[in-house]
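Chains as they are written, first to last, in full-length UniProt numbering: chain A, 1 to 253; chain B, 1 to 253; chain C, 1 to 253; chain D, 1 to 253; chain E, 1 to 253; chain F, 1 to 253.
Derived by calculation from the structure, the hints in this document are not laboratory data. Watch out, some of these pointers could steer you wrong.
Any copy, or any two copies together, can satisfy a pair, since identical chains are not distinguished.
EDC-like cross-link-like pairs, simulated, lysine to aspartate or glutamate; straight-line CA separation at most 20 Å [unchecked claim]:
hint : residue 1 : residue 2
1    : 22        : 214
2    : 148       : 105
3    : 82        : 220
4    : 22        : 220
5    : 22        : 44
Number of protein chains: 6
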Amino acid sequence: MRFDGRQADELRSVHIETDYLKHPEGSVLIQVGDTKVICTASIEDRVPPFMRGSGKGWISAEYSMLPRATGQRNIRESSKGKVSGRTMEIQRLIGRALRAVVDLEVIGERTVWVDCDVIQADGGTRTASISGAFVALAIALNKLYEEKEWATFPVTDFLAATSVGIVPEHGPVLDLNYMEDSQAEVDMNVVMTGSNEFVELQGTGEEATFSIAELQQLLELAQTGITSLFAVQATALGEIAGRIGRKPEGEAE
Amino acid sequence: MRFDGRQADELRSVHIETDYLKHPEGSVLIQVGDTKVICTASIEDRVPPFMRGSGKGWISAEYSMLPRATGQRNIRESSKGKVSGRTMEIQRLIGRALRAVVDLEVIGERTVWVDCDVIQADGGTRTASISGAFVALAIALNKLYEEKEWATFPVTDFLAATSVGIVPEHGPVLDLNYMEDSQAEVDMNVVMTGSNEFVELQGTGEEATFSIAELQQLLELAQTGITSLFAVQATALGEIAGRIGRKPEGEAE
Amino acid sequence: MRFDGRQADELRSVHIETDYLKHPEGSVLIQVGDTKVICTASIEDRVPPFMRGSGKGWISAEYSMLPRATGQRNIRESSKGKVSGRTMEIQRLIGRALRAVVDLEVIGERTVWVDCDVIQADGGTRTASISGAFVALAIALNKLYEEKEWATFPVTDFLAATSVGIVPEHGPVLDLNYMEDSQAEVDMNVVMTGSNEFVELQGTGEEATFSIAELQQLLELAQTGITSLFAVQATALGEIAGRIGRKPEGEAE
Amino acid sequence: MRFDGRQADELRSVHIETDYLKHPEGSVLIQVGDTKVICTASIEDRVPPFMRGSGKGWISAEYSMLPRATGQRNIRESSKGKVSGRTMEIQRLIGRALRAVVDLEVIGERTVWVDCDVIQADGGTRTASISGAFVALAIALNKLYEEKEWATFPVTDFLAATSVGIVPEHGPVLDLNYMEDSQAEVDMNVVMTGSNEFVELQGTGEEATFSIAELQQLLELAQTGITSLFAVQATALGEIAGRIGRKPEGEAE
Amino acid sequence: MRFDGRQADELRSVHIETDYLKHPEGSVLIQVGDTKVICTASIEDRVPPFMRGSGKGWISAEYSMLPRATGQRNIRESSKGKVSGRTMEIQRLIGRALRAVVDLEVIGERTVWVDCDVIQADGGTRTASISGAFVALAIALNKLYEEKEWATFPVTDFLAATSVGIVPEHGPVLDLNYMEDSQAEVDMNVVMTGSNEFVELQGTGEEATFSIAELQQLLELAQTGITSLFAVQATALGEIAGRIGRKPEGEAE
Amino acid sequence: MRFDGRQADELRSVHIETDYLKHPEGSVLIQVGDTKVICTASIEDRVPPFMRGSGKGWISAEYSMLPRATGQRNIRESSKGKVSGRTMEIQRLIGRALRAVVDLEVIGERTVWVDCDVIQADGGTRTASISGAFVALAIALNKLYEEKEWATFPVTDFLAATSVGIVPEHGPVLDLNYMEDSQAEVDMNVVMTGSNEFVELQGTGEEATFSIAELQQLLELAQTGITSLFAVQATALGEIAGRIGRKPEGEAE
């Protein structure tokens, strides 16, 4: 039994509220236990310089925490005048993961800006950001899909993320909260698609190491959790869920 | 009749939800029409260098907007590596206003960090921040008051803020939303105390000017609005409201 | 009687020396008591990005202090690598105030850069900057007016600024010097036009508050002082003063 | 057969030259094919603020490329005034990996600064940095070990890293050079210890995904490569290699 | 005959006004032709970290130009957020030169901050800064000398600087103005002491070169000019001039 | 006899290895005693904004040290977020010196980026950078010369640099190593051409001064050293050396 009474393979309660803000093309509030993240997707009609003329779109992600999302207040990165290594690493991860399930040729020379702002943190903020951002992104791209009458829906598959880890006295567990995360000897973030494939796998021994057998156990836990996350995403997306991965008629998969 | 059907002297609907986040000593979500701001108050057991050894406390405010709080996405100030002039001006205003109703000697050498994060913007974000931050601050200071068994409650008066302005074809109006604000010829932010005194008055002709008679009209509208805001704050604060301005028994006012 | 022997409604001695520097299109040295500011106006034949294609001009102001303008040496903002909140607030104020009395359509897609560099500070540097910058601006725009043979002189009215405040044991006073400013309970900067209208009104209780009656007294003092400043400006401007607010013949006011 | 004639499970030729520079406590030039990295380890007799008073040491890594380490010249990060997200991610990875095989209590309140400067890049710079930095670190810590006559040698195990990936038309391959890396659909960096355990596993689908079967194949390739790297490290370290993981006599493993 | 009618070995007219500002311990306005620089010297009762505990003082110089000191307006370095290479080079030069004629042991652990702010530029701003800063520095140190009743006056010799150069069609000339400077093939800044020794010599071929014979001619011109500058400095300093280089009685030179 | 056994007029041993890196158009490793610098030259097919439309090329130099090039580790300038004054001064010196021996009209609107990265420092890094960069530059420009079949080889003369100085108890010496440099009373960097002309002369009294007679001695030492450096450069350049200063046939010198 874990600190909060969960089983080793049990996710915290997950809730996704769509259309959380009025201005963005797509927005959600995702809650994973006490972790709460506002994810928005904004469409911009141009791409970064390195993509110009490619005919393809881009997805760029930013991540931030409110200063008091955490137990101790953190200094704002805008006040410090620079973005921390941790933030940059998370931003790069979110963007890369989302680009794996979007057909960038369909969206053409547009950028989707994905913003993940953590308003309350209790572990797993980067994976909650990915799971929430996927829904905000699909909603925003659905607006373009309907408006532009594209033949193909540009989201090619579901995408969700969770953390797994090895916690002393508890062993391998799914979806670590802050207390577990701060004690974990091994910490792994897993991003998977609806087709049961990996997009990202980031496992770290925190002044510790892990064997191939332990890796196997962790990946099984992750897969269990991510399958449940897909169900929450599908419910939140409603009919948009049915368009994901759909090709125009007559086109071979 | 205004764009949204209000009378000239009518506030938008105002709602303050207390204890909105779990970590901060004080936190609220304030909604003024479609403007939504998370305000938190965090206690730190030391003061900035210029106050050390003074025996007095300090209140420091920070303000930020989520990139997509607005109709067009804004670049994060952390990405730009610097805080804009507008943000700094608002931060200084919020801190100065709150310090006017707190007895800094009572709180001793502590800093209260007030964070106002706009998650949705529709005009009046700085005044909503002040009105909400006052409640978060009072909640946080009440915790210290109870814990330290201070003789005096350190909040000496109520404090709220609103905007007034002169809008073409509508004349002087109270509590401008974004559409009104972008058309206004004169824009004024007013911060007042429960004793009906001014703390801040910032009136600006936007490529326009205003007469002393117009100033008089605007100040009356502001007073009306602020009186209503005090009532919403008092309800949100519950029994804490009764402690505001209370001196220890036997001490002359 | 005040510290320096002035009456409550008495300005310090004011002197404006025009054509102080050889390179700028307009330049003055303004002295208000011991406060000395070099104000220059420079014409650039393009506007900032947000004004391009508008057919209108722009006025942009910058403000700085020499490190040893003050009693204690201040670190240069260039050495710190960032501009302080106070500086940004003042820069925005100066620019906004000047734009209120210039017909930006007449000057076309040009920027006037106004630089206010305080070489000696003794209180009231931001208001002295506005009063001096107005003269430098009028001189620079007069050169363009003569060179381009514009039908309309683009400066539509006089503009000057002063500070007023409430000082313990002295009450409401006009034009505070540094010693008064550092003791003031209420501090107010007032910018007015030759037509006796307000452009900016920024009143602040410094850990204090003020009533509507006190506001009234302060505004009267400000009006007295600004009227005197207009006379000094008119003398400095000579025949250019007569062009201010002048419309082409046959055009209704 | 790969572009450069290697088998799928074949490392490029690896060479480690020790004591490459005269000033640092430990330094190597590691060459992995055409990738060349200077790795140095420097001892500082204090730890970062968050470790003070812990009695434990710290290892901090920095990574950089000469502007012309690559085919196209890159702008220096010092000229840009900020460190890129990619650089920060790599620096964090190197530091974390090295800390996993050092007993920080043995070294006491000291920091080992590890600097990895890529002078020529042809893919795999971050993994070459880890493999080389391990040797420089062991040399530097050996000096302290001998000088302080510590009972325990603080390096607890070997550590090396390599990349594996899936390249179109070639499938899973070991130790990708730049050309392979730029075409790879899946890219994975693996850091392992001499005990055959994982320290870091970072697998990324580059706008692609990978299955658990493919993961298995990639990990086997990585293990093969890392075993060979340990042999090169051991040769470079000479008698220091024999001290790694050695406990004082009489102490249970 | 030069553009402005001077002989090849003729300085522009030089004027030094002492006590130009009221706050600094020492201040001058130096004019060299149309070049005008405000130089101030401020005493701080501590030294930079690298001098602490040495028992010796330090002299630190900063240099800046008003944006409109020049024909074209320059962007402020505070707005750009960084100090240019040219500025840093000049600051280092001024500080180094002044330290050569001050006995840092006499002044003890104090820093003299020297600020040179160019308000109007017409060539030779760095050499005018040195010549003016020397006077401001001597005035400031004289105050300390009198207040502390030091046995030795800490300024050991006179110091002044000028520029010389080779201008097409005019050959070697002394004290270049802006027009000459922008055409010069060789540009040399020379800093000398009252004992006729060099402190700094910085000669640069501007996409050109110079022979040893030309160097000889340039140095003779520089010496002529600097001798004249000493006379202007001595007049400005009055009785302080007599203390320069003076040792306590009975102490061998 | 000097610390390392050299005569006063003796250079340290100098070695230049060409084509040190595989990517740059020109690259060398220059060793001057224990000072080692990697110098590269990269061609970019455009010029900085201030040269556009001039039909002429540009040479831009950057200089950096590895953190552990020195006895004590230095913080990276990329981590500090800004380039030091010393670095900027050296970068400007290197660029200026190289431009003096290149016909910028021949190379047309191209930039040559010269990067000097010190991997080991023992005094004289800036002069070693210039001597090495000259060779890397000539190699890179020779590639363009052959590829474009230019009539004129754009390098007009040889260029090398060394340091001279006055060291207590040793007097004037050539090519100071770190120990000598840190004790020197006078330090001078001299850059000369193959025609025996000066390009740069930077002499500094380090809290000391020097006479014209001493200057003369130092310049003679410098000339001796630079002549030897030309021989090493010529050997390293091989047949390219013969093209330097060569004009197309029939064109008068």
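Now the hints, each set against the structure:
For the identical chains of this complex, residue 22 and residue 214 are neighbours neither inside a copy (45 Å) nor across copies (34 Å), given an alpha-carbon limit of 20 Å. Proximity of residue 148 to residue 105 under the C-alpha cut-off of 20 Å is restricted to the intra-copy arrangement: shortest distance 14 Å within a copy versus 39 Å between copies. When the C-alpha separation of residue 82 and residue 220 is checked against a cutoff of 20 Å, the pair qualifies neither within a copy, at 38 Å, nor between copies, at 40 Å. Taking CA atoms no more than 20 Å apart as the test, residue 22 paired with residue 220 passes in neither setting, with 39 Å inside one copy and 32 Å between copies.
With identical chains, the CA atoms of residue 22 and residue 44 are at most 20 Å apart within one copy only, with a shortest distance of 17 Å there and 35 Å across copies.
The structure shown violates the earlier hints numbered 1, 3 and 4.
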